[in-house]
Amino acid sequence: MTYITKPKLRHPGIPVNKLGFTHRDYEGTVSTLCAGCGHDSISFAIIQACFELNIEPHRVAKLSGIGCSSKTPDYMLGQSHGFNSVHGRMPSVLTGANLANKDLLYMGISGDGDSASIGLGQFVHCVRRGVNMVYITENNGVYGLTKGQFSATADKGSKSKAGGSNMDSPLDLVSMALLIGATFVGRSFSGDKAQLVPLIMAAMSHKGPAFIDVVSPCVAFNNHAGSTKAYDFVREHNEAVNRLDFMVDREPITVDYAPGTSEEVELHDGSKLRLAKLHADYDPHDRIKAMTYLQSHAAAGELVTGLIYMDPAASDMHANLNTVDKPLNRMMEAELCPGSAGLKSFNDAHR
Amino acid sequence: MSQIKAVNDFVVKFANVNGSGSASANEMFARSILRMGVPVASRNIFPSNIQGLPTWYEVRVSGKGWLGRRGGVDLMVAMNPQTWDKDIASIDPGGYLFYDSSRPVPMSRMREDINIIRMPLTEICNKVYSDPRQRQLFKNIIYVGALAQLLGIDMEVLKQLVGEQYKGKDKLIAPNHQALQMGHDYARDNLSSLCGLTVEKADAVKDRIFVNGNDAAGLGCVYGGATVAAWYPITPSTSVAEAFARHCKTYRVDPETRKNKFAIVQAEDEISAIGAVIGAGWNGARAFTATSGPGISLMQEFLGLAYFAEIPAVIIDVQRGGPSTGMPTRTQQADLLVCAYASHGDTKHILMLPQDPRETFEFCAISFDLAERLQTPVFVLEDLDIGMNEWLCEPFTWDDKHTYDRGKIMTAEELEAGKTFGRYLDVDGDAIAYRTLPGTHPTKGAYFTRGTSRDRYAKYSEEGAVYQDNMQRLLRKLETAKTLVPKPVIKMAREKARYGVIYFGSTAPAMDEAMASLEAQGQHLDMMRLRAFPFNDEVVDFINSHDQVFLVEQNRDAQMRMLLVNECSLDPARIISILHFDGTPITARFIISAIAERMHLKSKEAAE
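Residue numbers (our numbering), protein chains in the order written: chain X, 1 to 351; chain U, 1 to 608.
The following block holds chain X by itself, in its conformation from the complex (with noise of 0.2 Å):
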């Protein structure tokens, strides 16, 4: 579908935004992406997040690696720079963006080929190191581009289009990043945009490393009976923790819980997420117990989903090295060139 060029036309009573943008600035090209790809519809939640949240398009930065999923920042956020770079060596790439310039959002978009497999020591050390960051993984259990070969994500025993079955053990995103230091930790299915679109947009307004692991089924080499990333079977399975609700600069709640079963979480930008215990045992912000539940629940076949974790009070790769408040990117001789005046003390001290 590349050769169709998007129509510039737009409906007069489209809404808009705070800052005038309607949904269409937040697009970008057309998907080339097969039809019904969960893929789609997590470009589609990100444009939603970025509109709801009133975000200057040219503010966030995308970036991606290889694959099915490492083609979506094209197609979301036309007017926000983007850079499709190897396979998966997003992450390096996004740290030194972020290193560059910390006043951008930083968007990586990967998925389970890019991130679980080539890319997996980048994915941990680039959430070890604190960056700060919305990590998505568009996780399908397969490569789609190189038509159909299990990843590492895939299930033991999950069954290929082709017959086979997996025999090895799936390497579960979610608790790594748990494991590895991320401060913002979610799991979400492409097809629940009520759960993903709120999580995403707390996510951003999460200040550290914030990762979403999104189940996203491959309608075209792994979307069959058989298959654990399937849109029947995750709908199946789905066990979600909690039910968010994103408030934009303390807009009214609207929502009303029974007490005790609901929770507000104050932002580091200043906004408040709105959380609804589906599970009355299940705590978001201690991260031992989180990791202790997922394991429970994944041994039960479960996947969970929601906010997993969060640390409201989380810093990032900036605050641990100390840089000024000063975006690198914009500095030149008079701050960073110590001239011919400081040489002298460098040549006193070699003789």
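One thing to keep in mind: the hints can contain errors.
In silico PhoX-like links for lysine-lysine, alpha-carbon gap of 20 Å or less [what the hints assert, rightly or not]:
(1) Lys444/U with Lys6/X
(2) Lys344/X with Lys249/U
(3) Lys289/X with Lys277/X
(4) Lys159/X with Lys147/X
(5) Lys419/U with Lys444/U
(6) Lys344/X with Lys206/U
(7) Lys487/U with Lys348/U
(8) Lys207/X with Lys326/X
(9) Lys249/U with Lys326/X
(10) Lys459/U with Lys419/U
(11) Lys206/U with Lys64/U
(12) Lys326/X with Lys259/U
(13) Lys496/U with Lys602/U
(14) Lys401/U with Lys344/X
(15) Lys482/U with Lys348/U
(16) Lys169/U with Lys8/X
(17) Lys6/X with Lys459/U
(18) Lys326/X with Lys261/U
(19) Lys8/X with Lys444/U
(20) Lys477/U with Lys348/U
Calculated directly from the structure, the hints in this document are not laboratory data.
Knowing the structure of chain X, use the given hints to seat chain U on it.
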């Protein structure tokens, strides 16, 4: 018995055991001679090991100021039984052997044509010190004291150096002074007049500084405006990143807020390091990585991306002996091709070839200008010899009028004014297009950076004509680069010469000495020192204006010759290779004999 007699012109070599604390004592020895105004070139020849394997430290004393390795040894300080036979064999006839005579050495393992200076170092130490570590460390200081007496080095200078070295740990000063004096007094009482080598005060050092290339590289990156460094530890480049961190602490901490105007990330590997550099470069910060050959191999895919997507990056490659792990603590110039053509597909990269620490400082600093002007990776090729040895250089200077060349970056104002933006559109005819930085303008100038083929406006395209258009422009960009990179340094012989000699990098000081020696013998050759790739026109003109040229390089395969023949369409017969690749720095003697031999053959051919 003949005795080599020399004043301010000899080579001392220390053979030690790695981890025995000899390095700082030996360096103090070298510095003391410098402080007496006599030029010194020192080279550490060390193993990939922390403790136990053999290590050597060579000090060339040259009143005339020759700073390359000469070759040969006049005085061997043999402190390592493991390498005894080889060490003894390396002494020039008439030279000197200084050794620890606490344990007898059979005459069969000595040589008759050298002069032997015996000092029972272990015995002396064991008498004075009871702590084993002290016995070992002070043994080094004692022999330095003894050598000072033998060679006529000023003890006051040595004592002052001790004071500087242990500044802040003052209680170590007196015992070190005592050890020096003990060595000195033993030599005065027992060894006097055994050595014909002498250091005499001179005024040949002037205001020069003694500095290693990696320190200089780190400082060059500070001066060049690097704010982001991402790296992975690898010998011999690790000290570049460490030097950058140290210099940043001195020069780049905001005095008011105490916050850092730099960010350094020790990455999980070299792939991640170059990835972060490319991400930072894409986002408008000056960024670099420092690595060595194996790191360059790992970075290949990313380097292709930076070339094709046109992202500035600076890569400092401190070359070591390859291939594979090769000789990680030995020097070579063997990464030329892997850098010049890094990555799959058709690529060509900018190489800078500094000759010493001073030029490393300069080249590192200007590499950021070149990388941003040309929007492409720039390699600074040091080698272990430059990077990890202290070189005597002119003091570093900086032109305060120099402003950073950020290259073509379209601003929000220009976008607002309606200036046409095509990320890969050559508007000025120099094949360099404008870029925008992320976050510049709310509605204009955003584009999608990718490693896939795209048109002049950054739109994805696999059309053959569109792809070729872009690839041809990248080739034209290299023509622009030729006008910007440092030109070669050419030195014509006193008489008209039919032959020329080409060299680059750390070969320079040995080459200067070799050429002076050949000239004195009546062999005249013009000299050209290459300083960058792609080759400027001057390079081709030099080769074409000689019947033949010798090309001296420190690798097996004559990589520079391949580059020259390939890139300049030269007749290979015009370029005669002289190759030195055993991992030790090239010597003047090696060059002299290699050229003299070939020149001799040439004159015989001419006679026939």
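Now the hints, each set against the structure:
{"no.": "1", "hint": "Lys444/U with Lys6/X", "verdict": "18 Å, holds"}
{"no.": "2", "hint": "Lys344/X with Lys249/U", "verdict": "17 Å, holds"}
{"no.": "3", "hint": "Lys289/X with Lys277/X", "verdict": "15 Å, holds"}
{"no.": "4", "hint": "Lys159/X with Lys147/X", "verdict": "14 Å, holds"}
{"no.": "5", "hint": "Lys419/U with Lys444/U", "verdict": "10 Å, holds"}
{"no.": "6", "hint": "Lys344/X with Lys206/U", "verdict": "15 Å, holds"}
{"no.": "7", "hint": "Lys487/U with Lys348/U", "verdict": "18 Å, holds"}
{"no.": "8", "hint": "Lys207/X with Lys326/X", "verdict": "17 Å, holds"}
{"no.": "9", "hint": "Lys249/U with Lys326/X", "verdict": "18 Å, holds"}
{"no.": "10", "hint": "Lys459/U with Lys419/U", "verdict": "19 Å, holds"}
{"no.": "11", "hint": "Lys206/U with Lys64/U", "verdict": "13 Å, holds"}
{"no.": "12", "hint": "Lys326/X with Lys259/U", "verdict": "10 Å, holds"}
{"no.": "13", "hint": "Lys496/U with Lys602/U", "verdict": "16 Å, holds"}
{"no.": "14", "hint": "Lys401/U with Lys344/X", "verdict": "17 Å, holds"}
{"no.": "15", "hint": "Lys482/U with Lys348/U", "verdict": "12 Å, holds"}
{"no.": "16", "hint": "Lys169/U with Lys8/X", "verdict": "74 Å, violated"}
{"no.": "17", "hint": "Lys6/X with Lys459/U", "verdict": "14 Å, holds"}
{"no.": "18", "hint": "Lys326/X with Lys261/U", "verdict": "9 Å, holds"}
{"no.": "19", "hint": "Lys8/X with Lys444/U", "verdict": "16 Å, holds"}
{"no.": "20", "hint": "Lys477/U with Lys348/U", "verdict": "10 Å, holds"}
Figure legend: structure checked against the earlier numbered hints; the only hint not met is number 16.
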